[in-house]
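Since the structure of chain F is already known, use the hints to place chain E on it.
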Amino acid sequence: MSLVRHNELVLESLYPAFLLIGLLILAHVLLFWSRPSSDQVMLPITGMLSAIGLTLVSRLAPKEFSHQIAWVILGFFLMILVVLLPGSVHWLKRYKYTWAILGVALITTTIVFGVDPNGSGERLWLGFGDILFQPSEVLKVLLVVFVASYLDDKRELLSENAFRVGFFKMPAIPYIVPLLVTWSLAVLLLIGQKDLGPTLLLFGVFIAMLYAATSRTVYIWAGLLLFLIAAYGAYHVFGHVATRVDIWIDPWTDAQGKGYQLVQSLVAFASGGVVGTGLGFGYPLLIPAVYTDFPFAAIGEEMGLLGTLAIVLLYLVFTYRGLKISLEAQDSFEQLLAMGLTVTVGLQAIVIISGNLKLIPLTGITLPFISYGGSSMLTNFIIVGLLLRISHASERSS
Amino acid sequence: MSQSIYRTGLALLIGFVIIALALPYWQVIRANDLVGDPRYNRYRLNEIENSSERGRILDRNGVVLASTEMTPNGARRTYSMPALAHVTGFHSAIFGDSDIEKAFAPYLQGQEGADPFKAMFDRLLHRPTVGSDVVLTIDSKLQAVAEEAMGSSKGAAVVIQPKTGEILALVSHPYFDPNTMEKDWDKLKNDPGTPMVNRATQGLYVPGSTFKTVILAAALDSGVTNPDEIFDFKMETDSYGRAYHLESFNGYEIYCANHGMTSPGRAQLRLADVFAQSCNIAFARLGVRLGSQRLIEYAKRFGFETQIPLEIPDLPSQLSLKPGFLNDNAAVAATSFGQGQLQASPLQLAMVAATIARGGIAPQPFLVSEIRTGKYSTTVGQPKQWHEVVSPTTAREVADMMVHAVDTGWAKGAQVSGVRVAGKTGTAEILPGETPHGWFIGFAPEDDPQVAVAVIKEYAGPGSTEAVPVGKAIIQAALGK
Chain F
293 MSLVRHNELV LESLYPAFLL IGLLILAHVL LFWSRPSSDQ VMLPITGMLS
343 AIGLTLVSRL APKEFSHQIA WVILGFFLMI LVVLLPGSVH WLKRYKYTWA
393 ILGVALITTT IVFGVDPNGS GERLWLGFGD ILFQPSEVLK VLLVVFVASY
443 LDDKRELLSE NAFRVGFFKM PAIPYIVPLL VTWSLAVLLL IGQKDLGPTL
493 LLFGVFIAML YAATSRTVYI WAGLLLFLIA AYGAYHVFGH VATRVDIWID
543 PWTDAQGKGY QLVQSLVAFA SGGVVGTGLG FGYPLLIPAV YTDFPFAAIG
593 EEMGLLGTLA IVLLYLVFTY RGLKISLEAQ DSFEQLLAMG LTVTVGLQAI
643 VIISGNLKLI PLTGITLPFI SYGGSSMLTN FIIVGLLLRI SHASERSS
Chain E
805 MSQSIYRTGL ALLIGFVIIA LALPYWQVIR ANDLVGDPRY NRYRLNEIEN
855 SSERGRILDR NGVVLASTEM TPNGARRTYS MPALAHVTGF HSAIFGDSDI
905 EKAFAPYLQG QEGADPFKAM FDRLLHRPTV GSDVVLTIDS KLQAVAEEAM
955 GSSKGAAVVI QPKTGEILAL VSHPYFDPNT MEKDWDKLKN DPGTPMVNRA
1005 TQGLYVPGST FKTVILAAAL DSGVTNPDEI FDFKMETDSY GRAYHLESFN
1055 GYEIYCANHG MTSPGRAQLR LADVFAQSCN IAFARLGVRL GSQRLIEYAK
1105 RFGFETQIPL EIPDLPSQLS LKPGFLNDNA AVAATSFGQG QLQASPLQLA
1155 MVAATIARGG IAPQPFLVSE IRTGKYSTTV GQPKQWHEVV SPTTAREVAD
1205 MMVHAVDTGW AKGAQVSGVR VAGKTGTAEI LPGETPHGWF IGFAPEDDPQ
1255 VAVAVIKEYA GPGSTEAVPV GKAIIQAALG K
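Chains as they are written, first to last, in this note's numbering: chain F, 293 to 690; chain E, 805 to 1285.
These are computed hints drawn from the structure, not numbers from a lab.
Quick list of in silico lysine to any residue cross-link-like pairs, SDA-like style, CA-CA up to 25 Å:
| hint | chain 1 | residue 1 | chain 2 | residue 2 |
| --- | --- | --- | --- | --- |
| 1 | F | Lys650 | E | Ala815 |
| 2 | F | Lys650 | E | Tyr829 |
| 3 | F | Lys550 | E | Arg846 |
| 4 | F | Lys355 | F | Leu312 |
| 5 | E | Lys993 | E | Arg846 |
| 6 | F | Lys650 | E | Leu814 |
| 7 | E | Lys1038 | E | Tyr1059 |
| 8 | F | Lys650 | E | Ile822 |
| 9 | F | Lys385 | E | Ser806 |
| 10 | F | Lys446 | E | Gln807 |
| 11 | F | Lys650 | F | His532 |
| 12 | F | Lys550 | E | Gly900 |
| 13 | F | Lys550 | E | Phe899 |
| 14 | F | Lys650 | E | Ile818 |
| 15 | F | Lys385 | E | Gln807 |
| 16 | E | Lys993 | F | Thr545 |
| 17 | F | Lys616 | E | Met805 |
| 18 | F | Lys385 | E | Ser808 |
| 19 | E | Lys922 | F | Val567 |
| 20 | F | Lys616 | E | Gln807 |
| 21 | E | Lys922 | F | Phe573 |
Here chain F stands alone, though its shape is the one from the complex (with noise of 0.2 Å):
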């Protein structure tokens, strides 16, 4: 970025690059050296991740720079005491209550001093002082280390039919309960944020890992009818959600007021064609809050097709590599966890990137590692942290 500002290479531009380089080289010796057994992908492709972060947050938003680097140093370090701890992940289960009394104390915290620090309309942050703190996504796994415990507990009643309504086989009174209760949450949730992009991410996160426990399907289409009809709430309650919606069918008939940040977006990834304007020759800053909402479309002007396919192939092999952790995991309660983990990650780009790309419509969360901001950095690093340790149990054992 510095070549393009300054038409010449500072050294000191290149501090920000070695650092990575370094805490890239301190994660993988010490994950090397304390469980040298774990995944080789999953560092890597953080690493990658996070490092064309910083370039973006450097490239749209320089004064954030700082702060940004400080949330993936923090993260770095949080994400090896998670793998360095001692014991298994398994004293999670035992506070689950805690983690879902916590999860819903969040929620309600948000609700009553939720603040929108920029005017969006959407309360998403709980502020500190200077410091702001978006509870969703710290929610996220809390929420998944829940389910899995609680899912874990209840497993012996997995496949029993209770009763019969009709033509459905309805599930167990245990299943309807949690479903229920993690609606509920969601659509707090909504209520308090006023935005369907958590909502959609925790509940899909939720009923994936409560298939993934019961291998029955009916959750799913349970679970898509319980959503279709929160967001239909949503839809006519909030006036927020209704022109994000409306913007989402239609951005082009007011393409200079509603609709501007989405036909920009969208103007911003025809921009860059196959290969790119290059970094700092286009003009993604064009995007109202292109460095928290859409990093994706600056990504797409200027590192072009190529670039943006590139980022969509590493969240791929990041969900595949998770998959498998979960998959030759140890017992089902770190297969659970790990499941939803990744899901957690590989949902979320999926959803942002596809609010991008005009698929479905706009939300508010991150492109994990790579928006701005610390609670999904911190967040995300922590997932990855769980994932590495899972691998490294489940490989040892086997």
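Chain E in isolation, oriented as in the chain F frame:
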């Protein structure tokens, strides 16, 4: 559980695949129309505009027709000859580009140039691009003459060098001023005189008797007549003592008055004379002899019903509005003297004259000859045959009869001393009571053609008095007489 994890993975894979398909849709398939649309991309277009100097548009002698000045308020495009608005088109940040400005935008903007390696390196190294100049075949002096000869009439004139296909002048009246079109846009769009429409290439008019040139060439070429044929007419006199002849074609009666006769009796005219006198009955007979099949085939060879290849938008001329119209002999008869449902553009009729001038082979018309980037230049348009229409013998016979029409017939007004001018007039009837369109097509000199023209004045009156003087002025100017 493994199976349901596999399936979850499959669902996510489908999501990624959909994204991987949506990406090329926006980044490649829809790229050009989104990037080029000023409604969505005004800022980027302006930035590109201001970061590079757009190339100029020059006439064949290097006269600057369009150029860009860099002002403190950004780039400003100026046009030295607004009368050429329908050739150069306009370049606007609000309304986009049109005509040559649009068709050659990649060259004018500098993405593509005469030196492809330089253009590629400039892009790769992010150097500011310098647009290439586009050199037209238009002769701005001849254009000015044609312009003046048209006066304030609505209509069009197309001037082609028949040997090469170069378009030397293209008049469309009224026109708009591309220097002020942004400001005048609403007024221009709502103007009943339609100044934004290029009449020369997109105006479709009833061709009237000029179409007899097509029928004459078709009839000679297919052998249904020959230059020695004598046409017989039984003349009668009306109550005022004027001689006339009436003939019915499948119930459709055609009336002809002018055969140099004042009393009843038998009139005999040579083929060259029926052409010079523009006798409708004779051409109706020729058309019926040809039959609809051959009539359509020859007209298509002249370019009817096809889009004539050109750098700016043009509309195909039409033989009929309804399919199957020409299955009836009455329709064939009416079409053969240039009425029926015929719709022809001035460009199409100039092509008819140019084809006869070129010995039966239609030249491919073009407006841009070369692209210049600094000292490099690339030829873009060069003389090419479009396709063969009639034999050289037929073309020579038709040319002789067109000269006869200028020497003795309705096109007399086009005579230029010392030059063999070939021509044909047309007076196209629109609706009863409306003043007809006046047409002239022609070329000169007959023995070594340098210029072919088509002129139309809308609702102006007979071709012989309205369009012929314009054609003559153009021919004189083109030949330096």
